[in-house]
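Chains as they are written, first to last, in the numbering used here: chain D, 1 to 222; chain Y, 223 to 444; chain L, 445 to 647; chain A, 648 to 850.
FYI, nobody ran anything at the bench for these hints, they're computed from the structure.
We treat Cβ as the ideally placed atom computed from N, Cα and C, and that holds for glycine.
Where hints are given, some of them may not hold.
Which bits of chain A does chain D cover? Going by a derived footprint, with three or more residues having C-beta under 8 Å, they are [claimed, not checked]:
#, stretch
1, 660-666
2, 775-784
Calculated lysine-lysine pairs in the DSBU-like style (CA-CA distance at most 35 Å, straight line) [to be verified]:
#, chain 1, residue 1, chain 2, residue 2
3, L, K462, Y, K344
4, Y, K302, L, K477
5, D, K115, A, K712
6, D, K207, A, K713
7, A, K718, A, K704
8, A, K770, L, K567
9, L, K477, Y, K344
10, Y, K307, D, K202
11, A, K712, A, K700
12, L, K515, Y, K337
13, Y, K344, L, K509
14, L, K620, L, K504
15, A, K700, D, K207
16, D, K202, A, K770
17, Y, K424, D, K85
18, D, K122, A, K770
19, D, K122, D, K101
20, A, K692, D, K101
21, D, K80, D, K115
22, A, K770, Y, K367
23, L, K462, Y, K307
24, Y, K307, L, K567
25, A, K700, A, K680
Residues per chain are reported as follows:
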Amino acid sequence: MNSAHDLGGRHGFGPIAPEAENSEPVFHEDWERKALALVLAAGSLGQWNLDESRYSRESQHPVDYLRQSYYENWLSGLEKLLVEKGLVTEEELSCGRAFSKAEEELQKRLLQPEKVYSTIEKGGSTQMESDEPPEFNIGDRVRAKNRHPLTHTREPGYSRGREGIIEAHYGAHVMPDQNALGNRIGEHLYCVRFDAGELWGKDTPSKHLVFIDLWESYLEPA
Amino acid sequence: MNSAHDLGGRHGFGPIAPEAENSEPVFHEDWERKALALVLAAGSLGQWNLDESRYSRESQHPVDYLRQSYYENWLSGLEKLLVEKGLVTEEELSCGRAFSKAEEELQKRLLQPEKVYSTIEKGGSTQMESDEPPEFNIGDRVRAKNRHPLTHTREPGYSRGREGIIEAHYGAHVMPDQNALGNRIGEHLYCVRFDAGELWGKDTPSKHLVFIDLWESYLEPA
Amino acid sequence: MNTHHHSTVPSDPELRVKALESLLVEKGLVDPKTLDELVDLYETKIGPRNGAKVVAKAWKDPEFKKYLLEKPTDAIASIGYRGRQGEHMRVVENTADIHNIVVCTLCSCYPWPVLGLPPVWYKSAPYRSRVVSDPRSVLEEFGTQLAEDVEIRVWDSTSEMRYFVLPEAPADFQNKSLDELESMVTRNSMIGVEKIKEPENRS
Amino acid sequence: MNTHHHSTVPSDPELRVKALESLLVEKGLVDPKTLDELVDLYETKIGPRNGAKVVAKAWKDPEFKKYLLEKPTDAIASIGYRGRQGEHMRVVENTADIHNIVVCTLCSCYPWPVLGLPPVWYKSAPYRSRVVSDPRSVLEEFGTQLAEDVEIRVWDSTSEMRYFVLPEAPADFQNKSLDELESMVTRNSMIGVEKIKEPENRS
Chain D
1 MNSAHDLGGR HGFGPIAPEA ENSEPVFHED WERKALALVL AAGSLGQWNL
51 DESRYSRESQ HPVDYLRQSY YENWLSGLEK LLVEKGLVTE EELSCGRAFS
101 KAEEELQKRL LQPEKVYSTI EKGGSTQMES DEPPEFNIGD RVRAKNRHPL
151 THTREPGYSR GREGIIEAHY GAHVMPDQNA LGNRIGEHLY CVRFDAGELW
201 GKDTPSKHLV FIDLWESYLE PA
Chain Y
223 MNSAHDLGGR HGFGPIAPEA ENSEPVFHED WERKALALVL AAGSLGQWNL
273 DESRYSRESQ HPVDYLRQSY YENWLSGLEK LLVEKGLVTE EELSCGRAFS
323 KAEEELQKRL LQPEKVYSTI EKGGSTQMES DEPPEFNIGD RVRAKNRHPL
373 THTREPGYSR GREGIIEAHY GAHVMPDQNA LGNRIGEHLY CVRFDAGELW
423 GKDTPSKHLV FIDLWESYLE PA
Chain L
445 MNTHHHSTVP SDPELRVKAL ESLLVEKGLV DPKTLDELVD LYETKIGPRN
495 GAKVVAKAWK DPEFKKYLLE KPTDAIASIG YRGRQGEHMR VVENTADIHN
545 IVVCTLCSCY PWPVLGLPPV WYKSAPYRSR VVSDPRSVLE EFGTQLAEDV
595 EIRVWDSTSE MRYFVLPEAP ADFQNKSLDE LESMVTRNSM IGVEKIKEPE
645 NRS
Chain A
648 MNTHHHSTVP SDPELRVKAL ESLLVEKGLV DPKTLDELVD LYETKIGPRN
698 GAKVVAKAWK DPEFKKYLLE KPTDAIASIG YRGRQGEHMR VVENTADIHN
748 IVVCTLCSCY PWPVLGLPPV WYKSAPYRSR VVSDPRSVLE EFGTQLAEDV
798 EIRVWDSTSE MRYFVLPEAP ADFQNKSLDE LESMVTRNSM IGVEKIKEPE
848 NRS
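With the hints as extra help, turn the sequences into a complete structure.
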């Protein structure tokens, strides 16, 4: 969806004003610790995937997405998913109390403290098999399609309609547009090199390339 | 600038939920009356033009632009211009009191109540002479350039890089990108017809055209 | 840790306006009576009834309709409407096959002399974002159904040209008076989000 | 007349988090000790010192560097870093002629096993919006000056590939110990917004 999360090339957000690296804490508020941990722990129940999490955060009203801090957006996304997936009810969420325990099957999936390290260390590969050979070869000229899906996509707005060159083929990976809708399908993934002048117009200083990972169905021959 | 005002084709803003035409008042709050009138009265002092007004509203932080109501954005734009153009100081603005009268020359430009009707009825034409013949003819295929100026422009984001057909030539009009920077220059203005499929992708329902007014320097032959 | 650099919650707009007014009056830059005149103009004199007069006359008078489509600014001025935000008019005509809709995606340009000030929804992000990419869903929100083979033309007011829709006349327009016709012309039909309702269908 | 449909000012995130935690614990879906373990992991064990070890080893050991560039996920795992948000790694090498910078314009993808959790600025709208279109102005904010003929390569992490910058080694890296080198590697140099500071230039 063309929403506020798709920030590449937008103007007007002001300076970055980074905190100094050696004085910035990992968390700035105590509640941020819990927000991160709750998102990871609830995610490990296996009731939604990473693209569904992203879609949940993106589909907030643009004003909410942009004015909330990052962990607040994580909280909003988590709250929405918990209700959508039926893990908690709206009423439970609003009063912060459980009216009933979760189903037995679901409780069995609770991440045990002693499993934290191995779970994080295992991660979750998105590499998949594909029956189809890749459509593009390294060095091919391609165009990122001018697509405007209303649902989740990982083709950034600033790349749409622009021409680049296949720089790498990463094999087949889980296709995010489908994954966000609950369909785990593998599709060839490429790294595409764009000249900044192609993305931002002829006045752009040269010696500037942008590399974007794009799935096969985002691309067409140029 | 690629900021929050450039709304064409963005997603996630929810329903329009229009008020019924026969019950919607012209103004919803008393202060809106004054906001409109102040913007018009201050504008008539001739210290800025319409594109400078638009630029002033657009260059707010995107969150402010999107969360404020329309007349609040007008107020923000007016406050900024008054200070930038030296008509009032920051201090005067923040306390709502004048520390000194305006210069005599400026006071003479005050819009008199008896001149309101004729001033509004006169308006302000943007038609200008151009020494150059128009570069494009009706029926020509053109492409809206992929431009990303950091300052004011009236080439909407969703048209950039897209092909259309010259539907009309409106003569030379004040060029907004330059006007917003204080330079009143005439440039040929065209109405360009775009097929919606060209703008929004191949899955777009047919029988849908979008007409966009674009200045000559926004266009190149397709 | 807030990384936004936007302002904190804006102060009450009522207070902001009051402060601004008294400041500009004290400065000698604004006359309060001028403000009252401006408000009165747009609250009672310049509004969509102007446009309705133009439309009704175009339906009844083929010569005027021709003039309106060919020289819209002059034709509209000939019945008394002109000026700010209507200096350069263009009239687009709805027919059985073509339906026109007007928007300003970049701000909220609108033909003030014929329609007055725009309604809140016209200036809102939902309308401005959606009508160029998905006009049928927008029309549905206004209860407007178009046949699939009707071509939709959306006019994005990115310049100082101001677009104005001449709606299709009701079926029996020849048997109606100018006044009757005028009363049937809604503001929304002149923006293009509605059609003229036939009397039997009117709510 | 507010036309926004977004929520009103969100409640205090501290209260939101507390309510959510007690709800999920009561539901039997979250163990509070698990939360503590997760926080401890990212606050004390997984952070940019991991990446610094990888970089220092690559500088000192040409075989390891080759392995790192050719099989980055395996090479990084060989010194103990792997897993969530680093399942598919790619290492991009800075040279005298090429400077790499990593961003995620769509959210905030970041190579957790080697860098830990991202800093606030990396997740912020100013960085995500600007670094792809105007990287030099971004580098300036970090005090990083590049010669005009250095090619800037910006990597937008739109997939689950995680990009990691191998910074240029300091001039006298061969005379320094692994520990010394490791201490010179900043997090920001592995994102690509800074270069390694030579000792005489360090603040």
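Status of the hints after comparison with the structure:
Only residues whose beta carbon comes within less than 8 Å of a beta carbon in chain D count, and the stretch 660-666 of chain A has 6; three or more means the coverage holds. Closer than 8 Å: that is the beta-carbon criterion, and the stretch 775-784 of chain A has 7 residues meeting it against chain D, so the requirement of 3 holds. The suggested pairing of K462/L with K344/Y holds, with an alpha-carbon distance near 29 Å, which does not exceed 35 Å. The hinted pair formed by K302/Y and K477/L meets the criterion: a straight-line CA distance of about 24 Å does not exceed 35 Å.
Only pairs whose Cα atoms come within 35 Å are accepted, and K115/D paired with K712/A is accepted, the gap being roughly 32 Å. Annotation: proposed proximity of K207/D to K713/A holds, straight-line Cα distance about 26 Å (limit 35 Å). Among the hinted pairs, K718/A with K704/A is consistent with the structure: their alpha-carbon atoms are about 15 Å apart, no more than 35 Å. As the CA atoms of K770/A and K567/L are separated by approximately 31 Å, the hinted pair is consistent with the 35 Å bound.
Proximity of K477/L to K344/Y is assessed by CA-CA distance (about 20 Å); at most 35 Å being required, the pair is judged to hold. A threshold of 35 Å between alpha carbons decides the hint, and for K307/Y with K202/D the separation of about 33 Å falls inside it, so the pair holds. Restraint check: the Cα-Cα separation between K712/A and K700/A comes to about 12 Å, which is no more than 35 Å; the hinted pair holds. Restraint check for K515/L and K337/Y: the C-alpha separation of about 28 Å stays at or below 35 Å, so the hint holds.
The suggested pairing of K344/Y with K509/L holds, with an alpha-carbon distance near 24 Å, which does not exceed 35 Å. Simply put, K620/L and K504/L have alpha-carbon atoms about 9 Å apart, close enough for the 35 Å limit, and the pair holds. Taking the CA atoms of K700/A and K207/D, the gap is about 31 Å. The hint holds against a cut of 35 Å. Restraint check for K202/D and K770/A: satisfied, since their Cα atoms lie roughly 29 Å apart, inside the 35 Å limit.
Straight-line distance between C-alpha atoms of K424/Y and K85/D comes to about 33 Å, which keeps the hinted pair within the 35 Å bound. Among the hinted pairs, K122/D with K770/A is consistent with the structure: their alpha-carbon atoms are about 25 Å apart, no more than 35 Å. Among the hinted pairs, K122/D with K101/D is consistent with the structure: their alpha-carbon atoms are about 29 Å apart, no more than 35 Å. Our distance criterion of 35 Å between C-alpha atoms is met by K692/A and K101/D, whose separation comes to about 34 Å.
Between K80/D and K115/D the CA atoms are separated by roughly 26 Å; this keeps the pair inside 35 Å, and the hint holds. Taking the CA atoms of K770/A and K367/Y, the gap is near 31 Å; set against the 35 Å cutoff, the hint holds. Among the hinted pairs, K462/L with K307/Y is consistent with the structure: their alpha-carbon atoms are about 21 Å apart, no more than 35 Å. Under the criterion of a C-alpha separation no larger than 35 Å, the hint pairing K307/Y with K567/L is consistent with the structure, at around 27 Å.
Our distance criterion of 35 Å between C-alpha atoms is met by K700/A and K680/A, whose separation comes to about 30 Å.
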